[in-house]
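**Student:** The lines below spell out each chain.
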Amino acid sequence: MAKVAIIGAGFAGQTAALYLGDALGAEHEITVINRLRDFSYVPSWVWVGIGHMPVEKTLFPLEPVYRRFGVRFVHGKATGVRVHERVVVVERDGGGEELIGYDHLIVATGPRLDFEGTEGLGPEAGYSQSICTAPHAVRARDAYLEEVARLEKGERRRFVIGTGHPGATCQGAAFEYITNVHKDLVRRGVRDKADLLWLSNEQALGDFGVRGVAVRRKGRTLTSEEFISAVFKEYGIRSQVRTGVLGLTEDTIAWEDFQGEKGETGFDFSMLIPRFLGQPLAFTGRDGEDLSGDILAPNGLVKVDARYGLPYDELTRQPDAWPRVYQNPVHPEIFAAGIAFAPPGPISVPHVTPGGTSISAAPPRTGMVSGIIGRVVALNIIDLVKTGTMTHGERMTEMYAACIASMGDSLWDGSAAVIMIYPVVPDHVRYPNDEGRDLFVTHMEMGLAGAWMKRMIQTTFMHKLRGRVGWRFIPE
Amino acid sequence: MRGSTVEITEKDRRRMNNKLLQFWRFVVLNLKILKGVDVSKRA
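Listed in order, the protein sequences are those of chains A and B. Heads up: the first sequence at position 27 corresponds to 27 in our numbering, and the numbers run straight through without jumps. Heads up: the second sequence at position 2 corresponds to 1002 in our numbering, and the numbers run straight through without jumps.
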């Protein structure tokens, strides 16, 4: 009997758990370890953060799903992995320690939100809001509604939304938040009293950490920079990109831009995405020695079958440098999925300021990308258990992804940007154009249809990730 | 959207909120996603 342990039940971990449970749950031991009892549908927290959706609608309990799939659920925090014994050390939620054995381990922990990486960042010890966890989204909503109350009294308020670290990722979520804030303030009739500023570490507007998107439209190339610039102009949102946030005080954000110029921006409300690092997991050997060097990159993310250390220019010429099966080369029983795997480098062009500050948007690995990697890893483990040979693989340089960025949740007059990119990481070998992408598949448009799709996707994904009828037919 | 500096025109605004047209785009975009997923899996 094979033992498979999965740490984390986000998009990647949950997808892997369903495929593994479905194929192996009856005869083998599949265990999911997660700190929370519920699955969290993160993409809808932009709506929770403005009070348009109760947080409960974005959660469902994991254990009943696993019971149907023959998967064991351990509610607790994985603190370490004894690599030679092949056990995960878990601090159980109710107290006490449990050791979970494995033949194959999937690390799908999601990120550690590195609020400490920027002084004054975050809702707990700092001065900014976040929509990266359910409690944070609720707290952001409360703070936002306080601002709305002030606006309704006639006060002017300054909102700054974007990234809170020079190396942050997930610009898409912040973009959704600022456009939803705009739409909500318009609906409440107070938009004219609010100043909205987009503050981001992107190279250009619409970069989103994937080096932007370009599509052919009516004989010309339309870039995501032009597209997002047009949206911000339409919405009256000011923007400041090429900027790394260095620290916050109660009402001021200190930053440095690409030229090395330093400055400050005042705010009344800010929602800034922190840098993502790996969750703290101690990988130890037979005698308790630290094996982190074999398994973890310096940022705490799990090293997989990627070629690390290539200079950026070299990386852009080597699509095969991106991992295919997401397996650790030193300890092949360990896989990583979703944000937990260490990418070989950035997708967007990195930049170092004259003062030495690295301002580089990290590659996004959330949503569809996480789900796809979770599926690939699960199918390969099923292969290993059944036949001993892996037959699946999908690099981000050959992966398609669709991103639907909400820009107002109303099903009557809402909107969303629908962005499809193929491949996620440009491959200049297969697509020798400036973008390194298939310009017939890559697509970008905005409209009410996107708002319907965003809502539909929440319903269908929650259905899929609950493992309900037909879940396999719904794409990740 | 038009021009070297792209801006959203009145025609774009009407198109983006035209329910019938957007229903058509909803169908087309879903089909495009399914097609894209299929292309990706074959890579």
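Keep in mind the hints are simulated off the structure, nothing from the lab. All values reported here derive from a predicted model rather than from experimental measurement. Glycine included, every Cβ here is placed at the ideal spot set by N, Cα and C. Don't take each hint at face value.
[Unchecked claim] In the DSSO-like style, the derived pairs of lysine-lysine whose C-alpha atoms are separated by at most 27 Å in a straight line are: (1) A:Lys3 - A:Lys77; (2) B:Lys1032 - B:Lys1011; (3) A:Lys218 - A:Lys153; (4) A:Lys77 - A:Lys57; (5) B:Lys1035 - B:Lys1019; (6) A:Lys3 - A:Lys262; (7) B:Lys1035 - A:Lys218; (8) B:Lys1032 - A:Lys218; (9) B:Lys1035 - A:Lys233; (10) B:Lys1019 - B:Lys1032; (11) A:Lys233 - A:Lys218; (12) A:Lys3 - A:Lys57; (13) A:Lys193 - A:Lys218; (14) B:Lys1011 - A:Lys218; (15) A:Lys218 - B:Lys1019; (16) A:Lys233 - B:Lys1019.
[As the list claims (entries may be wrong)] Listed next, with one range per pair, are the computed distances between beta-carbon atoms: (17) A:Thr221 - B:Leu1034: 24 to 34 Å; (18) A:Gly219 - B:Trp1024: 16 to 26 Å; (19) A:Glu119 - B:Leu1020: 21 to 31 Å; (20) A:Ala149 - B:Thr1009: 52 to 62 Å; (21) A:Tyr308 - B:Leu1034: 28 to 38 Å; (22) A:Ala149 - B:Leu1034: 38 to 48 Å; (23) B:Leu1020 - A:Glu27: 44 to 54 Å; (24) A:Gly219 - B:Leu1020: 24 to 34 Å.
**Student:** For each hint, tell me whether it holds in the structure or not.
**Tutor:** Evaluated hints:
Between the alpha carbons of Lys3 of chain A and Lys77 of chain A the distance comes to roughly 19 Å, so the proposed pair stays at or under 27 Å and holds. With a C-alpha separation of about 24 Å, the suggested pair Lys1032 of chain B and Lys1011 of chain B falls inside the 27 Å cut-off, and the hint holds. At most 27 Å may separate the alpha-carbon atoms for a hinted pair to count; Lys218 of chain A and Lys153 of chain A exceed this at roughly 47 Å. For the suggested pair Lys77 of chain A and Lys57 of chain A, the alpha carbons sit about 24 Å apart, so the restraint of at most 27 Å is met.
Note on Lys1035 of chain B and Lys1019 of chain B: the hinted pairing holds, with a Cα-Cα distance of about 24 Å set against a maximum of 27 Å. Distance hint between Lys3 of chain A and Lys262 of chain A is unfulfilled; the C-alpha atoms sit about 53 Å from each other, more than 27 Å. For the given pair, Lys1035 of chain B sits about 22 Å from Lys218 of chain A by alpha-carbon distance, which is consistent with the 27 Å threshold. The straight-line distance between the Cα atoms of Lys1032 of chain B and Lys218 of chain A is roughly 18 Å, inside the 27 Å bound, and the hint therefore holds.
For the given pair, Lys1035 of chain B sits about 33 Å from Lys233 of chain A by alpha-carbon distance, which is inconsistent with the 27 Å threshold. Restraint check for Lys1019 of chain B and Lys1032 of chain B: the C-alpha separation of about 19 Å stays at or below 27 Å, so the hint holds. With a C-alpha separation of about 22 Å, the suggested pairing of Lys233 of chain A with Lys218 of chain A holds against the 27 Å cut-off. Restraint check for Lys3 of chain A and Lys57 of chain A: not satisfied, since their Cα atoms lie roughly 33 Å apart, outside the 27 Å limit.
Between Lys193 of chain A and Lys218 of chain A the alpha-carbon distance is near 38 Å, which puts this suggested pair outside the 27 Å criterion. Proximity of Lys1011 of chain B to Lys218 of chain A is assessed by CA-CA distance (about 15 Å); at most 27 Å being required, the pair is judged to hold. Restraint check for Lys218 of chain A and Lys1019 of chain B: the C-alpha separation of about 23 Å stays at or below 27 Å, so the hint holds. Under the criterion of a C-alpha separation no larger than 27 Å, the hint pairing Lys233 of chain A with Lys1019 of chain B is consistent with the structure, at around 24 Å.
With their beta carbons about 26 Å apart, Thr221 of chain A and Leu1034 of chain B fall inside the hinted range of 24 to 34 Å. The beta-carbon spacing between Gly219 of chain A and Trp1024 of chain B, approximately 22 Å, falls within the hinted interval of 16 to 26 Å. The hinted window of 21 to 31 Å between Glu119 of chain A and Leu1020 of chain B is violated, with their beta carbons roughly 52 Å apart. A beta carbon spacing of about 36 Å between Ala149 of chain A and Thr1009 of chain B contradicts the range 52 to 62 Å that was offered as a hint.
Roughly 35 Å separates the CB atoms of Tyr308 of chain A and Leu1034 of chain B, a value that falls within the hinted 28 to 38 Å. Taking the beta carbon of each, Ala149 of chain A and Leu1034 of chain B are about 44 Å apart, inside 38 to 48 Å as hinted. With their beta carbons about 52 Å apart, Leu1020 of chain B and Glu27 of chain A fall inside the hinted range of 44 to 54 Å. For the pair Gly219 of chain A and Leu1020 of chain B, the supplied restraint of 24 to 34 Å holds, since their beta-carbon distance comes to about 27 Å.
When each numbered hint is compared with the structure, violations occur for hints 3, 6, 9, 12, 13, 19 and 20.
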